[in-house]
Amino acid sequence: MTALLELRSVTQRFGGFTALDDVSCSIEAGSISSLIGPNGAGKTTLFNVISGLVMPSAGSLGFNGTDYTGRRPDEIVRLGIARNFQQVRLFPALSVIENVMVGAHLRLPRTGLLDFMGGPFNADRVDRLARSIATEMLDLVEFKSAGDTHPQQLTLVDQRRIEIARALASDPRLLLLDEPAAGMNPSESNQLGAIIRKIRDLGRTVLLVEHNMRLVMAISDHVSVLSAGKVIATGTPSSVQADPAVIAAYLGNV
Amino acid sequence: MRNVLVGLSMLAGLASQSLMSLALISLALISLALISPALADVQIGILMPKTGFGAGFGAEEQGSIDLFMSKYADLGPAGKLKLTIYDTRGEPAQAISLTRKLIDTDNVLAILGPYFSGESEAAFPVANRAATPIVTPSSAKPGIAAANRPWTFRNASTTDKTDAALVVHWLKRQSSPVRKVVIFYDGKDAVSSSDGKAVMPAVLKANNIEVLDSISFQTGDVDFSAQVTRAKALGADGIVMTALFTEAGHLTRELRRQGMQQPILAGVELSLDHKFIETAGDAAAEGVLTGADFNRDSPRPSVVAFIKEYQERVGQLPGNSSALMYDALFLMRHCIMTTGVAGSSAADKAKIRDCWAGLKDVDAPIAGPSSIDENGDARHAPNFLIVKSGKFVVDR
Amino acid sequence: MVLLQQIINGVMLGSTYALVAIGYSLIFGVLRLLHFAHGEVFMVGAFIALCSVWFLNAGPVLAVVCAAVGCAVLGVVIEFVAFRPVRRRSGGMLAPIVSSLGVGLLLQEVATNIFGADQTRFPPQFEATVYHFGSLFVTSTQLFILATSFGLMLLVHLFISKTKYGLAMRAVAENVDVAGLLGINSNAVVVLTFAVASALGGIAGVLVGFAFSAISPFMGISMTIKGLVVMLIGGLGNVYGAMIGGLVLGIAEVLTVGYLASSYRDAFSFALLILVLLVRPQGLFAGGLRAGH
Chain A
1 MTALLELRSV TQRFGGFTAL DDVSCSIEAG SISSLIGPNG AGKTTLFNVI SGLVMPSAGS
61 LGFNGTDYTG RRPDEIVRLG IARNFQQVRL FPALSVIENV MVGAHLRLPR TGLLDFMGGP
121 FNADRVDRLA RSIATEMLDL VEFKSAGDTH PQQLTLVDQR RIEIARALAS DPRLLLLDEP
181 AAGMNPSESN QLGAIIRKIR DLGRTVLLVE HNMRLVMAIS DHVSVLSAGK VIATGTPSSV
241 QADPAVIAAY LGNV
Chain C
255 MRNVLVGLSM LAGLASQSLM SLALISLALI SLALISPALA DVQIGILMPK TGFGAGFGAE
315 EQGSIDLFMS KYADLGPAGK LKLTIYDTRG EPAQAISLTR KLIDTDNVLA ILGPYFSGES
375 EAAFPVANRA ATPIVTPSSA KPGIAAANRP WTFRNASTTD KTDAALVVHW LKRQSSPVRK
435 VVIFYDGKDA VSSSDGKAVM PAVLKANNIE VLDSISFQTG DVDFSAQVTR AKALGADGIV
495 MTALFTEAGH LTRELRRQGM QQPILAGVEL SLDHKFIETA GDAAAEGVLT GADFNRDSPR
555 PSVVAFIKEY QERVGQLPGN SSALMYDALF LMRHCIMTTG VAGSSAADKA KIRDCWAGLK
615 DVDAPIAGPS SIDENGDARH APNFLIVKSG KFVVDR
Chain F
651 MVLLQQIING VMLGSTYALV AIGYSLIFGV LRLLHFAHGE VFMVGAFIAL CSVWFLNAGP
711 VLAVVCAAVG CAVLGVVIEF VAFRPVRRRS GGMLAPIVSS LGVGLLLQEV ATNIFGADQT
771 RFPPQFEATV YHFGSLFVTS TQLFILATSF GLMLLVHLFI SKTKYGLAMR AVAENVDVAG
831 LLGINSNAVV VLTFAVASAL GGIAGVLVGF AFSAISPFMG ISMTIKGLVV MLIGGLGNVY
891 GAMIGGLVLG IAEVLTVGYL ASSYRDAFSF ALLILVLLVR PQGLFAGGLR AGH
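Protein chains in written order, with the numbering used here: chain A, 1 to 254; chain C, 255 to 650; chain F, 651 to 943.
Treat the hints loosely; a few may be bogus.
Cβ-to-Cβ under 7 Å is the rule here; a few derived chain C residues that face chain F [as the list claims (entries may be wrong)]: (1) 471; (2) 477; (3) 479; (4) 480; (5) 483; (6) 484; (7) 511.
Simulated restraints, written as ranges between beta carbons of each label pair [as the list claims (entries may be wrong)]: (8) 452(C) <-> 916(F): 22 to 32 Å; (9) 456(C) <-> 916(F): 24 to 34 Å; (10) 920(F) <-> 40(A): 38 to 48 Å; (11) 774(F) <-> 347(C): 37 to 47 Å; (12) 419(C) <-> 744(F): 51 to 61 Å; (13) 779(F) <-> 565(C): 37 to 47 Å; (14) 325(C) <-> 916(F): 41 to 51 Å; (15) 433(C) <-> 913(F): 21 to 31 Å.
I should point out that these hints are in silico values taken from the structure, not numbers from a laboratory.
What you are looking at is a predicted structure, and each value in this text was computed from that prediction instead of being measured.
C-beta atoms are modelled at their ideal positions from N, C-alpha and C, and glycine is treated no differently.
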């Protein structure tokens with residue numbers, strides 16, 4: 001297997017605070033990898049760095065052999081990295097299906113403004129394509145309600161599903177999922193686990209930040225542990241679980 | 255001046271050699287004397303709209319100023335006539351502060367201007383309190399000079415004087431009698447507003463004409479559809495408008511467009527500006543009657559000469575505002591020459607005031623025999639002009 | 651009948667307000683910024699159309715197209731010159747307001763220097779044919795304005811609700827960061843927004859030029875304010891609100907002039923605005939760039 005994502009000595013400082021301290025790791029293509037660690041360990045910061053929301057203070061980012069450090073978020077999506085958010089960030093004024101259609105932006109034909117000038121019929125073709133992608137993604141995440149409802153009318157669990165569908169709509173090679181199971185009951189998180197496996201089986205790589213250890217241990221090929229901005233352990237779920245440093249970090253007696 | 259002196263003394267302090275500083279100071283004083291105006295010249299301030307919505311009027315006035323100065327700047331023993339021209343933008347507030355500036359800073363003998371009645375209403379009390387003669391060449395709203403005796407004058411006929419003759423002439427020339435009219439007036443322009451709300455209704459009533467409605471608009475309006483639709487339902491057989499040329503043009507155009515073909519009388523506020531016809535379009539403007547101080551077709555040799563010279567110098571035909579300014583300059587120079595003033599002292603100002611107040615049948619180049627009445631207003635017989643094939647022609 | 655004619659007059663006036671306000675709303679919706687030079691873009695549109703008539707012998711349709719293209723370019727230039735540099739700085743709302751006011755004044759001055767301060771107008775061949783129906787009347791110009799403005803409103807609706815760019819615009823309006831993380835280049839969307847908004851403003855300028863035969867460097871000043879009032883009545887950044895709000899303001903103004911007095915026109919408009927804000931603080935329609943439902 002080859003590394004799809006590679007972080008080399010990534011350091012992220014906010015003022016005097018070091019959120020990420022010389023983090024190096026690689027994610028293999030076609031895997032489900034998980035990033036765990038206590039609250040405040042820097043997991044979400046790492047996601048923000050990978051997705052380009054913040055520029056790392058030092059270090060470099062590589063995707064599929066390309067150094068993409070310093071690129072804009074939308075260019076990074078174009079490379080093939082998509083994500084959801086720990087705090088759900090759907091567009092409240094857009095319907096569910098429109099939210100997902102926005103995610104398909106890069107996959108729709110680049111017709112320029114002429115598309116619009118060419119009349120509503122041509123636009124309708126693009127609109128139909130966007131709708132079919134969105135419907136497919138909503139089916140994939142097993143979203144059952146109507147597409148024309150607005151997100152705020154739905155449960156948090158449904159909102160999380162929509163966000164995953166929206167991220168998937170860009171046809172990413174790497175999907176970053178930030179605590180997708182938060183607020184889910186055991187049967188819902190089992191269902192989520194199955195969905196994530198399905199996503200992986202479609203050829204995508206998944207990087208997961210999650211507190212639900214049952215889910216992490218059940219679906220991950222690799223687990224890395226982040227504590228106070230440093231990677232303290234990495235390996236298979238069982239090896240990491242047995243690592244004394246990890247246990248110490250979680251119990252807080254380092 | 256004071257700043258210059260302070261600066262000079264600082265310079266002097268810096269120079270180590272006292273001789274050197276003496277030389278510097280005397281050099282500076284000499285150069286100051288060279289650039290400051292010769293004491294013999296007579297300073298006149300001019301207020302007019304060079305920018306803003308009245309810029310067109312200002313341009314007409316400027317043409318006359320250029321022509322006049324090229325011919326009559328020399329005052330003989332009194333030296334030269336010097337003009338300080340400020341742009342009021344047609345705004346009363348500007349007119350007030352620029353009047354103060356002309357009197358306090360520029361130390362002028364007298365002021366010509368401002369252009370509009372609203373500006374004159376604001377500026378006249380300022381000049382009157384400062385005991386400086388001020389003469390508007392154009393403002394026509396009645397009572398402005400009367401309210402500010404004895405230092406204020408105008409070289410334009412007031413609407414109360416012109417309207418009476420204008421209305422009678424207009425009524426007389428209609429083939430089918432006019433009995434009921436609608437008045438349209440500009441509620442924002444001082445002279446149009448007073449004319450349309452008070453002066454015209456009184457004159458019309460005196461001629462037994464019923465005013466069905468008075469409908470207002472605002473300077474700067476371009477959409478007159480609502481006003482005309484309102485008037486259309488009233489069944490008037492004549493239309494009277496008191497408006498500046500642009501608004502009058504749009505209004506006339508809209509009247510004709512909505513099918514109101516009644517005869518139109520436009521007040522002197524139109525200022526005989528050809529842009530009225532351009533804005534309305536030749537067809538819509540056809541037959542509109544108005545009054546003005548200036549008669550471009552006058553056979554008087556001085557008028558013919560003025561039009562020729564103006565056209566040569568400015569490249570355009572003079573308008574009503576050009577004519578009024580030219581006469582105002584002429585009368586001001588007449589007063590300077592006859593009283594023999596040579597500066598801007600209080601005594602000089604009083605002489606100019608008395609000269610204006612006593613003007614009687616002075617032969618001005620355009621209007622001819624010109625007099626000022628007890629209210630400080632000029633007496634001119636108005637000319638009646640009617641639009642024929644895209645031109646103003648004298649209607650007898 | 652008089653009332654009906656007055657409402658027709660109001661719809662004519664209001665449809666041009668609506669076009670200006672749609673542009674305002676698009677820009678506010680996407681950027682949360684007030685574009686105080688938008689009225690001047692409207693003015694420039696009228697002058698571009700005038701030049702196309704003078705130099706290219708353009709008819710009404712070509713004149714509208716020239717103005718739309720020219721103003722789209724102008725709008726993009728304004729975005730690069732007046733908005734983008736100050737948007738990056740943390741000046742808050744104030745810096746873009748001041749810089750766009752400055753651009754507006756500059757455009758006014760330039761237009762005054764080129765075309766003079768006086769009103770100009772389209773040549774007489776653009777004179778409308780008048781159709782009378784009993785005591786009612788409409789002109790060919792009015793029909794052209796109605797067709798153009800309502801056609802454009804329909805196109806704006808389709809653009810926003812049906813195209814990927816419209817959807818991207820709504821996404822950026824909702825949340826720039828999230829839109830970026832979904833692959834949308836928000837800078838490109840902002841440029842597109844300025845282009846579309848300015849083209850609409852320019853077309854409105856031509857239509858006003860046709861309707862009232864009055865084109866002047868100062869015609870944009872009152873439009874900037876009216877566009878703002880319409881946007882507040884309709885709901886901040888709501889394109890559909892701008893459409894309805896424009897018509898409401900146009901009809902309200904005409905009825906005020908027709909049944910009260912012209913001096914009450916602006917007072918009445920602001921009274922209407924205050925009333926709407928008291929009853930529905932968010933405007934007639936909720937804020938935000940939305941597609942109709």
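Under 7 Å, Cβ to Cβ, is where residue 484(C) needs to be relative to chain F, so tell me if that hint holds or is violated. 5 Å, holds
I want to verify a distance hint. Is the separation of the beta carbons of residue 779(F) and residue 565(C) within 37 to 47 Å? Between residue 779(F) and residue 565(C), where Cβ atoms are some 38 Å apart, the hint holds.
So does residue 433(C) sit 21 to 31 Å from residue 913(F), Cβ to Cβ? 28 Å, holds
That 51 to 61 Å hint for residue 419(C) and residue 744(F) (C-beta), does it hold up? 58 Å, holds
Would you check whether residue 477(C) satisfies its interface hint, that is, whether its CB is within less than 7 Å of any CB in chain F? 6 Å, holds
Restraint satisfaction for residue 480(C) [CB to CB of chain F, less than 7 Å]: 4 Å, holds
Would the hint on residue 471(C) stand, with a C-beta cut-off of 7 Å toward chain F? 5 Å, holds
Whether the CB-CB distance between residue 452(C) and residue 916(F) falls inside 22 to 32 Å: The hinted range 22 to 32 Å holds for residue 452(C) and residue 916(F), with Cβ atoms some 24 Å apart.
Taking the beta carbons of residue 774(F) and residue 347(C), is their distance inside 37 to 47 Å? 39 Å, holds
Looking only at beta-carbon atoms, does the pair residue 456(C), residue 916(F) fall within the given range of 24 to 34 Å? The hinted range 24 to 34 Å holds for residue 456(C) and residue 916(F), with Cβ atoms some 30 Å apart.
Hint says 38 to 48 Å; check whether the CB-CB distance for residue 920(F) and residue 40(A) agrees. 52 Å, violated
When the nearest CB of chain F is found for residue 511(C), is that gap smaller than 7 Å? 6 Å, holds
Violation of the numbered hints given earlier is confined to hint 10; every other hint is satisfied by the structure.
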